[in-house]
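Same order as they appear, the protein sequences are chains R and F. Residues 1 to 505 in my numbering are what the first sequence spells out, letter by letter. Residues 506 to 637 in my numbering are what the second sequence spells out, letter by letter.
Think of the hints as simulated: they come from the structure by calculation, not from any bench. Treat the hints loosely; a few may be bogus.
[Stated by the list, open to error] Simulated restraints on C-beta separations:
hint, chain 1, residue 1, chain 2, residue 2, range
1, R, Val125, F, Gly617, 39 to 47 angstroms
2, F, Thr567, R, Gly151, 21 to 29 angstroms
3, R, Ala167, F, Leu541, 52 to 60 angstroms
4, F, Glu580, R, Leu444, 33 to 41 angstroms
5, F, Val558, R, Val353, 35 to 43 angstroms
From the three backbone atoms N, C-alpha and C, an ideal C-beta is built for every residue, glycine too.
Chain residues, written in single-letter form:
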Amino acid sequence: MNTDIVPGVVAVVLVSIATLAIGTWGLRISRTTSDFFVASRTVRPRLNASAIGGEYLSAASFLGVAGLLLTFGAEMLWYPVGWTAGYLVLLVLVAAPLRRSGAYTLPDFAEARLGSRGVRKLCSVLVVGIGWLYLLPQFQGAGVTLRSTIGAPPWAGSLVVALVVLASVSPGGMRSITFVQAFQYWLKLTALLIPAFVLIAVWASDGAVDPTGAAPASWSIPLASPGGGIGLYTTYSLIVATFLGTMGLPHVVVRFYTNPDGRAARRTTLAVLALLGIFYVLPPLYGALGRIYAPDLADGRADVLVLELPQLMVPGLLGSMLTGLVTAGAFAAFLSTSSGLTIAVAGVLSQDVTGRRWGTRRLGGVAAFRVAAAIAVVVPLLMSLPAQDVAVARTVGLAFAVTASTFAPLLMLGIWWRGLTPRGAVAGLLVGGLGSGAAVAWTLATSSSTGWTAALLGQPAAWSVPASLATMVVVSRLTRASVPAHAGRFMVRLHTPEAVELERG
Amino acid sequence: MSDPPPPRVRVTGPPRRRADAVRSAGTREIDAETALGEVFMRSLLREQLMLAVRVLVALALTLGLLPLAFHVFPELGDVRVGPLPLAWLLLGVLTYPWLLLLGWFYLRRAEGHERDFADLVGTVLPDEDAGS
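Extracted from the complex, chain R is given alone in its bound form (with noise of 0.2 angstroms):
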């Protein structure tokens, strides 16, 4: 492993110094403010699903999913499929709605949508927790794969992504970012698809070894673990969770409003559709090799497969190769994930917190934007550096148990049922994020229990976002006198096509 660093450090420079020089270009055509925050509403559909595409695909997709699928088998495809099924059910639910609500944040829809503070500093609170929940995942693997492929002490990669998103989110805001996440889609891609090529190659010359003979029959089965009762629950869970999660994300949240209009965000969430379909196919593909090549990886390290799995494969310069593009896609998928909720939770941030008037002083529109981006990054990092070894996409896995059981009953209510009111959104986000935050932080801390206690904590979605949509329309029905006088004419809003001339509130 001490010979060989040479790709990883060469790979993990390169990409860093293509986005900030990627960054840098877009900053000479990041110039107003509206540049700054929302790229100007001009964002193209293809241009902007490369974006999502590219900021979506984490750690969680580039390096967890081959590893759980090497560990636990067919039960762990629910996750790739679950991630890229949440854009369906975003692109049915909440879409076009959304951009034409006109909110940049999740806490701008609620304000916007309920009329009321109070809904919204509950959001603000949300959205930085579930930012934090999600941040923390993208720096650990950081550490994993630093330490992997050049043997850096696990805290030197957290800390190399955590400044790079600094570096490249501070000085140019919404409008470069989007070049870089797009060009880091196409990265990841193809850091996976090229090795994938050799290593198919290699695994026929070798006389195509059938990868189920050495894997345990539960292998091709797609239900967790145990199986039985709680299997069953448990996966049913997990779509639960992933499948309305997607649409709470933060930092998906915010590049929706960078669509030029309601029909665009259709197309852009179409388009990203084709694109993680296309992605998603190759982590099981490292699983399944690595299952013939890698089987010991399954006990405890196999979240670093595909960076490990070129270098056993295939000997000399080639394998080095691609273990460089490997390491590259790794890092950008870093980068891109962490910068997009940097930019989330720092947009609300600074909206909320450092844009606020402090003693005598008050930040502007961009300093506080970049004072927030350093808080946003800050308190992740420093989270990460004492617990480096949880699976990272389960981590991901409870951050979308979390936004699905509060900002997807949100939005699925606020967008199609008028009678949503202030208290009863207030009420349902406290129970779906209690409950479910409860549960994450119950399991973060006790790992690996069996039975029905722990299947029930360990995947809380399957009752959690029912009791937070049930609390919601309660607690509205009771309240109904205080229904938003302003509901009909944001309904309005939010479903008519921007083409139609009608008062929008």
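Mind docking chain F on chain R? Use the hints.
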């Protein structure tokens, strides 16, 4: 870099014409929140929501039934299509084109509904004005 800085750009929304004379009857009904305007809005919302529900039901009846199928018939785990176990083929490959197909179907229908809505409320109907 001695160029003068670029001029400030004022960011505004698309221009809105306010002259009621060129506006259609339907949009005026919706703006005034009359019973008729309410009917227009409700029918648009209902159509779009029913379309969304249809797509989600199609998703639930295909992808959503897979775990149950494998739970009830565990022997499906031994079924192979060529070199691939059935579960890996379905979830690893075939799901993605299916999701894309559902999304494409939704997009076409949703845009169609919006065109119908725009035709319904957006067109100026001279004889209706004369009649009422």
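Here is what the structure says about each hint:
At roughly 41 angstroms, the beta carbons of Val125 (chain R) and Gly617 (chain F) sit within the given window of 39 to 47 angstroms. Taking 21 to 29 angstroms as the suggested C-beta distance range, the pair Thr567 (chain F) and Gly151 (chain R) does not conform, at roughly 46 angstroms. Between Ala167 (chain R) and Leu541 (chain F) the C-beta distance comes to about 57 angstroms, which sits within the given range of 52 to 60 angstroms. Separation of Glu580 (chain F) from Leu444 (chain R) is about 37 angstroms and conforms to the stated range, judged on CB atoms against 33 to 41 angstroms.
Against the hinted window of 35 to 43 angstroms, the Cβ-Cβ separation of Val558 (chain F) and Val353 (chain R) comes to about 39 angstroms, which satisfies the hint.
Checked against the numbered hints above, the structure violates only hint 2.
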